[in-house]
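S.K.: Work out the full structure: start from the sequences and follow the hints.
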Amino acid sequence: MFLHNFKYELKMVLRQREFIMWLMLFPIALGTLFKVAFGSIYSNNDMFKSIPVAVVNAQEGTVLNEIFRSLGEGEDAALAITYADEEWAKELLFDGKVSGIIVVDNDVSLQVAGKGIKQSILEEIVSRCNMYQEVIGQAMITGDETELRKVIAELGKEVNACRDVSPAADNPDVYVQYFYNLIAMVAICGSLTGLHVATSSQANQSELGARKNCSPTPKFKHLSAAFLGSCVAQGVSMILCVTFLKFVLQINFGGNLFLLYAAAVLSGCLGVALGFFGGSIGRLKYEIKSAILLSCSMVMCFLSGLMVGNIKGFLAERMPWVNRINPVAIISDSFYCLNMYSDYRRFFTKVLGMVIYITAFIVFGALFSRRKKYASL
Amino acid sequence: MKPTVVKIDNLVKRYGELVALDHFSLEIKEGEIFGLLGPNGSGKTTTINCLLSLLSYDKGDIEVFGKEMTPVSYDTKSQIGVIMQNVAVIDELTVRENIDYFCGLYVLDKAKRKECVDEAIKFVGLEEFENFRPKKLSGGLLRRLNIACGIAHKPKLIILDEPTVAVDPQSRNRILEGIQELNRNGATVIYTSHYMEEVEQICTRIAIMDKGRKVAEGTKDELKSMIRNTESITIEILELPEDVRAKIASQPHVYETEYDGNKLTVRCSGGRHNLIRILGVLQEAELGFGRVYSELPTLNDVFLEITGKALRDSKE
Chain H
1 MFLHNFKYEL KMVLRQREFI MWLMLFPIAL GTLFKVAFGS IYSNNDMFKS IPVAVVNAQE
61 GTVLNEIFRS LGEGEDAALA ITYADEEWAK ELLFDGKVSG IIVVDNDVSL QVAGKGIKQS
121 ILEEIVSRCN MYQEVIGQAM ITGDETELRK VIAELGKEVN ACRDVSPAAD NPDVYVQYFY
181 NLIAMVAICG SLTGLHVATS SQANQSELGA RKNCSPTPKF KHLSAAFLGS CVAQGVSMIL
241 CVTFLKFVLQ INFGGNLFLL YAAAVLSGCL GVALGFFGGS IGRLKYEIKS AILLSCSMVM
301 CFLSGLMVGN IKGFLAERMP WVNRINPVAI ISDSFYCLNM YSDYRRFFTK VLGMVIYITA
361 FIVFGALFSR RKKYASL
Chain P
1 MKPTVVKIDN LVKRYGELVA LDHFSLEIKE GEIFGLLGPN GSGKTTTINC LLSLLSYDKG
61 DIEVFGKEMT PVSYDTKSQI GVIMQNVAVI DELTVRENID YFCGLYVLDK AKRKECVDEA
121 IKFVGLEEFE NFRPKKLSGG LLRRLNIACG IAHKPKLIIL DEPTVAVDPQ SRNRILEGIQ
181 ELNRNGATVI YTSHYMEEVE QICTRIAIMD KGRKVAEGTK DELKSMIRNT ESITIEILEL
241 PEDVRAKIAS QPHVYETEYD GNKLTVRCSG GRHNLIRILG VLQEAELGFG RVYSELPTLN
301 DVFLEITGKA LRDSKE
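Residue numbers (the working numbering), protein chains in the order written: chain H, 1 to 377; chain P, 1 to 316.
Honestly, the hints are just simulated from the structure, not real lab data. Hints are not guaranteed to be accurate.
Straight-line C-alpha distance at most 30 Å; calculated DSSO-like pairs for lysine-lysine [claimed, not checked]:
id: 1; chain 1: P; residue 1: Lys-135; chain 2: H; residue 2: Lys-11
id: 2; chain 1: P; residue 1: Lys-135; chain 2: H; residue 2: Lys-221
id: 3; chain 1: P; residue 1: Lys-59; chain 2: P; residue 2: Lys-211
id: 4; chain 1: P; residue 1: Lys-135; chain 2: P; residue 2: Lys-112
id: 5; chain 1: P; residue 1: Lys-29; chain 2: P; residue 2: Lys-2
id: 6; chain 1: H; residue 1: Lys-373; chain 2: P; residue 2: Lys-154
id: 7; chain 1: P; residue 1: Lys-263; chain 2: P; residue 2: Lys-224
id: 8; chain 1: H; residue 1: Lys-7; chain 2: H; residue 2: Lys-285
id: 9; chain 1: H; residue 1: Lys-11; chain 2: P; residue 2: Lys-154
id: 10; chain 1: H; residue 1: Lys-373; chain 2: H; residue 2: Lys-221
id: 11; chain 1: P; residue 1: Lys-154; chain 2: P; residue 2: Lys-2
id: 12; chain 1: P; residue 1: Lys-154; chain 2: P; residue 2: Lys-7
id: 13; chain 1: P; residue 1: Lys-29; chain 2: H; residue 2: Lys-373
id: 14; chain 1: H; residue 1: Lys-11; chain 2: P; residue 2: Lys-122
id: 15; chain 1: P; residue 1: Lys-135; chain 2: H; residue 2: Lys-285
id: 16; chain 1: H; residue 1: Lys-7; chain 2: P; residue 2: Lys-135
id: 17; chain 1: H; residue 1: Lys-7; chain 2: P; residue 2: Lys-110
id: 18; chain 1: H; residue 1: Lys-7; chain 2: P; residue 2: Lys-122
id: 19; chain 1: P; residue 1: Lys-156; chain 2: H; residue 2: Lys-7
id: 20; chain 1: P; residue 1: Lys-156; chain 2: H; residue 2: Lys-373
id: 21; chain 1: H; residue 1: Lys-373; chain 2: P; residue 2: Lys-59
Examples of chain P residues toward chain H, derived with CB under 10 Å [claimed, not checked]:
id: 22; residue: Asp-75
id: 23; residue: Phe-102
id: 24; residue: Ile-159
Here are the simulated distance ranges between beta carbons [to be verified]:
id: 25; chain 1: P; residue 1: Asn-262; chain 2: H; residue 2: Lys-373; range: 52 to 62 Å
id: 26; chain 1: P; residue 1: Glu-181; chain 2: H; residue 2: Lys-373; range: 29 to 39 Å
id: 27; chain 1: H; residue 1: Leu-284; chain 2: P; residue 2: Asp-75; range: 27 to 37 Å
id: 28; chain 1: H; residue 1: Val-248; chain 2: P; residue 2: Glu-119; range: 46 to 56 Å
Ideal Cβ positions, reconstructed from N, Cα and C, are used throughout, including at glycine.
M.R.: The following block contains the structure:
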């Protein structure tokens, strides 16, 4: 009996138009769109290329000369420096061979011939150099050696804070966050299948539910078979989604594929459980419930940063509890933690969060739908 | 004496202030095709839902096959087939899969189930459509699929709640023949409808409900004998002076006359040769007339006389 119900539930879900649309085609389309959009950002991203600049040393042997020399050294040098006199430097700038002219004298000055990311970065470098020079200079004027050390230490701290280091040495790429959110969206859209499970088992919500309730199959049996069938179907869609992103779009999700797939399947179950819970409460029509669930899912996705990447950081600063209770944020954070941290403590904390949600949704959903007789149909 | 299959005793069901079933009682014997007739909102579907233990009720007892009916009466439920008022099938499954799915809720054995499904498909004549999805089926075929899903497991009691709504005459005829065949094969049938001719055609016993109460019960003939009307005479006549109409109304056994400018309807209660007497009055007054009909009372007359002619709301 269980297998019979399970088999048909699986067939039903996999043939549902909404399921194919929202959980199979939509993520592929959106993932491809993200890849195209962010792919062009990567190829045009100047932050990772050295900025060509002409440096005119009006004074030699100063700390500032040393700073610029170090900025132009190494494989990942921030600047590609051409040392020149003022005239040649202007020629280079005029010909577009450099993005700016840095003149190192008592202080540092910058000349640029346009506006853009490169020019902004140069401006930032120059203003920082001047600021450091002034701060250190002020400290030296006071003659207090302790104060001077303190200032140097503070400046050093600021520099360290700007470094972005991945302990797991995986992918610290900010754009991959969009793909985590995409997977989380697919997972949470599984609520549509969960909703179907709930409404099709309630006599007061569908004719199908009434027919099932007239049969000699106990409600628990067809509900559990339907729920499991939906979870398996949702799991399949999650695996397809992750596989497409990882192997077709070549998104770097880090090394641990097994845990990535496991987290994806678990998050799919969370979506189904959410839908089951939503479908079990109230007597609204299926279409209205599905519209509400889809809207709630989209709001959760928005708060998790699917549409606007910075929103999650904004919430983390001002209302951190939102990220802690938002199921979509928990799901996307689990992928982030898996990718970014070498120990799995944070990842398993997120997984635990998902398990708690799943359990709560199933328990409350079952409580609401356990009714065997209805006051009205 | 045949055993009782369904016994409803003193059933009361309220929706807030509204009394949907008011001390309703019923007894259905094995082998009957029992018709439950009533206008919209009379409580037919509520009765069925209470009988199936889907709805809670305020008072009363329901027994099916001699046992109290509860939501967990799984043994009893396994012997009941239900065909709901609205089509309840799964759009994503084919005709065969739908029947197999619902049959599987009753019949565990796979081989036996296949046999049942094959028979049900043949019974409703959907052999050519067994791989079609429900959305590809016409209204009549969909109704037939709905019936197949309810009867595939060969139930002993079949409950059909208005199964022919929005069905073309051919499909309707096929459905009615099918119900009679199921009955001949041993099933007891409860049939709710407000199509009088259907009920008259197939039901062996009928109960008429109104405002949650049973207002009449019996065979067709018993019900017809309950009403005053035994003969309705209709005469096409273009001119009817008041004195002639009064003379017709004063004839023996005539209890009601109606004239709409074209047609005179005379209702008689008992007696013989009513038609000859009325035509005699018209000839005596030298009035010309067209076609003349004389009809025996139908279930429709019974229904209208018992439940009244006032319009009902469609809420049930």
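S.K.: Now look at each hint and say whether the structure bears it out.
M.R.: Here is how each hint holds up against the structure:
About 16 Å separates the Cα atoms of Lys-135/P and Lys-11/H, which keeps this hinted pair within 30 Å; it holds. The straight-line distance between the Cα atoms of Lys-135/P and Lys-221/H is roughly 28 Å, inside the 30 Å bound, and the hint therefore holds. Distance check on the hinted pair: Lys-59/P and Lys-211/P sit about 17 Å apart at the alpha-carbon level, within 30 Å; holds. For the proposed pair Lys-135/P and Lys-112/P, the alpha carbon gap of about 28 Å is at most 30 Å, so the pair holds.
Under the criterion of a C-alpha separation no larger than 30 Å, the hint pairing Lys-29/P with Lys-2/P is consistent with the structure, at around 6 Å. Distance hint between Lys-373/H and Lys-154/P is fulfilled; the C-alpha atoms sit about 25 Å from each other, no more than 30 Å. Distance check on the hinted pair: Lys-263/P and Lys-224/P sit about 24 Å apart at the alpha-carbon level, within 30 Å; holds. Taken as a hint, the Lys-7/H and Lys-285/H pair is honoured in the structure, with Cα atoms around 26 Å apart against an allowance of 30 Å.
Under the criterion of a C-alpha separation no larger than 30 Å, the hint pairing Lys-11/H with Lys-154/P is consistent with the structure, at around 25 Å. Pair hint Lys-373/H plus Lys-221/H holds up; C-alpha atoms about 17 Å apart against a cutoff of 30 Å. The hinted pair formed by Lys-154/P and Lys-2/P meets the criterion: a straight-line CA distance of about 20 Å does not exceed 30 Å. As the CA atoms of Lys-154/P and Lys-7/P are separated by approximately 21 Å, the hinted pair is consistent with the 30 Å bound.
A C-alpha spacing of about 26 Å is found between Lys-29/P and Lys-373/H, which places the hinted pair at or below 30 Å, so the restraint holds. Between Lys-11/H and Lys-122/P, the direct Cα distance comes to roughly 24 Å. Compliance with the 30 Å bound is thereby established for this hinted pair. Proximity of Lys-135/P to Lys-285/H is assessed by CA-CA distance (about 20 Å); at most 30 Å being required, the pair is judged to hold. Under the criterion of a C-alpha separation no larger than 30 Å, the hint pairing Lys-7/H with Lys-135/P is consistent with the structure, at around 21 Å.
Of the pairs offered as hints, the one joining Lys-7/H and Lys-110/P holds, with about 14 Å between alpha carbons and a cut-off of 30 Å not exceeded. For the given pair, Lys-7/H sits about 25 Å from Lys-122/P by alpha-carbon distance, which is consistent with the 30 Å threshold. With a C-alpha separation of about 28 Å, the suggested pair Lys-156/P and Lys-7/H falls inside the 30 Å cut-off, and the hint holds. Between Lys-156/P and Lys-373/H the CA atoms are separated by roughly 23 Å; this keeps the pair inside 30 Å, and the hint holds.
Between Lys-373/H and Lys-59/P, the direct Cα distance comes to roughly 14 Å. Compliance with the 30 Å bound is thereby established for this hinted pair. For Asp-75/P, the interface hint holds, since its Cβ comes within 10 Å of a Cβ in chain H; the closest pair sits about 7 Å apart. Hint on Phe-102/P holds. Least Cβ distance to chain H is approximately 7 Å, under the 10 Å limit. For Ile-159/P, the shortest C-beta to C-beta distance to chain H is roughly 9 Å, which falls under 10 Å, so the interface hint holds.
Separation of Asn-262/P from Lys-373/H is about 54 Å and conforms to the stated range, judged on CB atoms against 52 to 62 Å. Evaluation of the 29 to 39 Å hint for Glu-181/P and Lys-373/H yields a pass: the beta carbon distance comes to about 33 Å. For Leu-284/H and Asp-75/P, the hinted distance range of 27 to 37 Å is satisfied, since their beta carbons lie about 35 Å from each other. At roughly 49 Å, the beta-carbon separation of Val-248/H and Glu-119/P lies within the given 46 to 56 Å, and the hint holds.
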